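Novice: These are the residues of each chain, in order.
Number of protein chains: 2
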Amino acid sequence: MTETATILNRADENLPKSLERLFDLVRIPSISTDPAFKAECRKAAEWLVAELSGLGFDASVRDTPGHPMVVAHHAAGRPDAPHVLFYGHYDVQPVDPLNLWNSAPFEPSIKELDRGRKVITGRGTSDDKGQLLTFVEACRAFKEVDGALPCAVTLLFEGEEESGSPSLKPFLEANAAELKADYALVCDTNMWDAETPAISAGLRGLVGEEITVKAADRDLHSGYFGGAAANPIHILTDIVSGLHDDTGRVTLDGFYEGVEETPSQIKAAWETLGMTTEKFLGEIGLFVPSGEKGRSVMELTWARPTAEVNGIWGGYTGEGFKTVIAAEASAKISFRLVGNQDPERVRAAFRSYVQSKIPTDCTVEFHPHGGSPAIHLPYDSPLLNTAKVALSEEWPKPAVLIGMGGSIPIVGDFQRMLGMESLLVGFGLSDDRIHSPNEKYELQSFHKGIRSWVRILTALAA
Amino acid sequence: MTETATILNRADENLPKSLERLFDLVRIPSISTDPAFKAECRKAAEWLVAELSGLGFDASVRDTPGHPMVVAHHAAGRPDAPHVLFYGHYDVQPVDPLNLWNSAPFEPSIKELDRGRKVITGRGTSDDKGQLLTFVEACRAFKEVDGALPCAVTLLFEGEEESGSPSLKPFLEANAAELKADYALVCDTNMWDAETPAISAGLRGLVGEEITVKAADRDLHSGYFGGAAANPIHILTDIVSGLHDDTGRVTLDGFYEGVEETPSQIKAAWETLGMTTEKFLGEIGLFVPSGEKGRSVMELTWARPTAEVNGIWGGYTGEGFKTVIAAEASAKISFRLVGNQDPERVRAAFRSYVQSKIPTDCTVEFHPHGGSPAIHLPYDSPLLNTAKVALSEEWPKPAVLIGMGGSIPIVGDFQRMLGMESLLVGFGLSDDRIHSPNEKYELQSFHKGIRSWVRILTALAA
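Those protein sequences? They're chains A and B, same order as listed. Numbered per the working numbering, the first sequence spans residues 1 to 462. Numbered per the working numbering, the second sequence spans residues 1 to 462.
Source of the hints: derived by calculation from the structure; they are not laboratory data. Treat the hints with caution; some may be incorrect.
Intra- or inter-copy, both count: the list cannot distinguish identical chains.
[Said to hold, decoys possible] The list that follows gives simulated cross-link-like pairs (lysine-lysine, DSS-like), each with its CA atoms no further than 25 Å apart:
no.	residue 1	residue 2
1	Lys214	Lys293
2	Lys143	Lys214
3	Lys279	Lys397
4	Lys214	Lys279
5	Lys279	Lys38
6	Lys43	Lys17
Fair warning: this is a prediction, and the values are worked out from it, not measured in the lab.
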């Protein structure tokens, strides 16, 4: 087998072309949450299939009731090599408010920041198109040098990650035999910092709910009816305001069932990472932690559950003023889960709480938006340790095992449905603005990300 | 002088043409709150000037920094006749949500309901184009029969009533001598019911405020930052939720200063009107009074102050779900005032309350939207009594003196700036949906409204 250095060199030489391919993919506005972009999602899937077929994968677009999946297979150079399933998603977040972008979200470019640092700008560069291509480009380097891959590889690229992955479970179920591998590699997470790679050993779960409170049968004049008629915005704000108590705890009945206190040795390990409230919040222009009192920002975002309103609207929101009492008001609310919190029990407790706040002459409608439990990977797994060593060879500082505030439901699905452990390695940075205007991906993340996968695949095959 | 019956007959004969003129005016989408309709507002003003000039008024469009005023003068047939200033507004409310209209808002039509009842549909038919034309058409009947008017008449039509009348005070100040009359007639109010005309002897004041709460310097991913970073929607909902206590009272410091309890004889008079909670709220599909506990709906809407959110927005409000923590969230909030509540003290108390709820690392921006105190007219005024007798001759039931929940700031301005008492007579009904989709005006309101002004002008001249 070829020296790893030769493969890495090839990855380096390929970089300009790798970037061109990333730009091509970013240019496709594959926003999965907005039906207006349905055709663009398919276009992104087809682009990936064309690329992978060119690399020698047996690749296909697979229809689902929603946006299609991309599945691709490639055998290993050696028959006894392990088989990995690599997961990523080609769909991206919406781009509003568009006026806050410094350049068009689907016209990627490379910008040079201070001290020679370069970033790739555009929606999806970090979440998750840039990340998934690090793996594809690593495969390319192997293929170009060896004509083979060190492991058998199945690729699964989803197009609904940003909209709650409604088609994923049915697809895994229907194609379990085809997709089962020795373990899954998931590239949708962050580094600890620009010099320190990270492996995520814990992920929060997520429950999404949209509610609409309805009062009068029409919008009312607030002069005629104000003071006597129910205002659904008041009801909704009472509901939201009552979700937390004065100490920042969520008030729902039984919400903390299944939430364990973080063991002190784990908290101690996190302390050594040197993250402070000042650093964490300072990056986004804040300095007062807002959640449960008396806990570090790492604990709050990795090991504690939350209730957050992600959107609220009702009444007149245009220019000027309209003295109206709205007929209805809505909010999108999500809960981040940890430990063994049960998504459906949390959803039920939320709905029951909301119902208790609705006056008898008003109504509420619920619309669920996905639900998945938290995930915990064993800190002492050999898979984690192999990857940790490989990553530490590539980056200036050794890799660290961390928790993660976000949710990647597929990791739980891989565990429950396919019996596969997942390795969560990603090269995003916390300032990548992945759900915000001006998303970017570090050029170094892309380049060293490709090299990292070369090292990890080599180590896994060894 | 001609018999009143002859003038009334002429008004009856004119009705089909009067309706055509109303339709023409309603077809002009003069939405004053939305800058996109600026030209349409001017068009409505010009339409009125053309009509009034045709009637022999000395009429002109008067520029202001906002939408123009229409001013028109006509002398009386007798030199000793009183001089009245008639006020109305040609601007209308926005029409969203457009999908809830049964027919296009600016394509007026006559619809026949059950038992031969006919209504005129369209935005502005009731508020206030139909109402202001009742007076113009009454003048037309006098002119066509007598060639003269029984009183000297000045007309003042405003184009910014629905957006807080920013240009009105400066205009009254600059043109005080020209506009001063013996008293003002204001036609922007309701009947008690379809058979009972009403004169409004009290009007609530209004304070409007828009606030924007700002937290992080950008939208955040709720996975990475949720639980640690301030969510401006939570701050905003806490602010709104804290505006009322459990008894429905507004919590602002000093809010009830200047609010007197309604004298028991006035409450007793209101009781005889037969309005019940069931009737008042039943009309809009509700049955639980939402404001201060233990008060009748009449007291709540005529004699008690309120705090209402008229609009709220923040975060992701589109299709699907976006796990974002917004950078900012906003609300439009209005206070209805009674008695001697001082608008600027209420505004200051509100701002101070809001500031007290803003975490030290967040900010809030305030944007004022108008402010005017409540108005109380003396129940024993000769003007009110003359109008009461005249109205009682026209309608099936005698006219009643009522309070009014809405605000007509100009009444206070007429009182303070021009020393004029105002007569508030209007022919709207509470189910006219004036700030909602499917606004309508009763055909009978338009027809008998014209006749009512014929009777009132005759009585005032006597």
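Novice: With reference to the structure, classify each hint as holding or not holding.
Specialist: Here is how each hint holds up against the structure:
no.	hint	verdict
1	Lys214 with Lys293	between (34 Å within a copy, 22 Å between copies)
2	Lys143 with Lys214	neither (59 Å within a copy, 51 Å between copies)
3	Lys279 with Lys397	within (19 Å within a copy, 74 Å between copies)
4	Lys214 with Lys279	between (43 Å within a copy, 20 Å between copies)
5	Lys279 with Lys38	neither (39 Å within a copy, 49 Å between copies)
6	Lys43 with Lys17	within (20 Å within a copy, 60 Å between copies)
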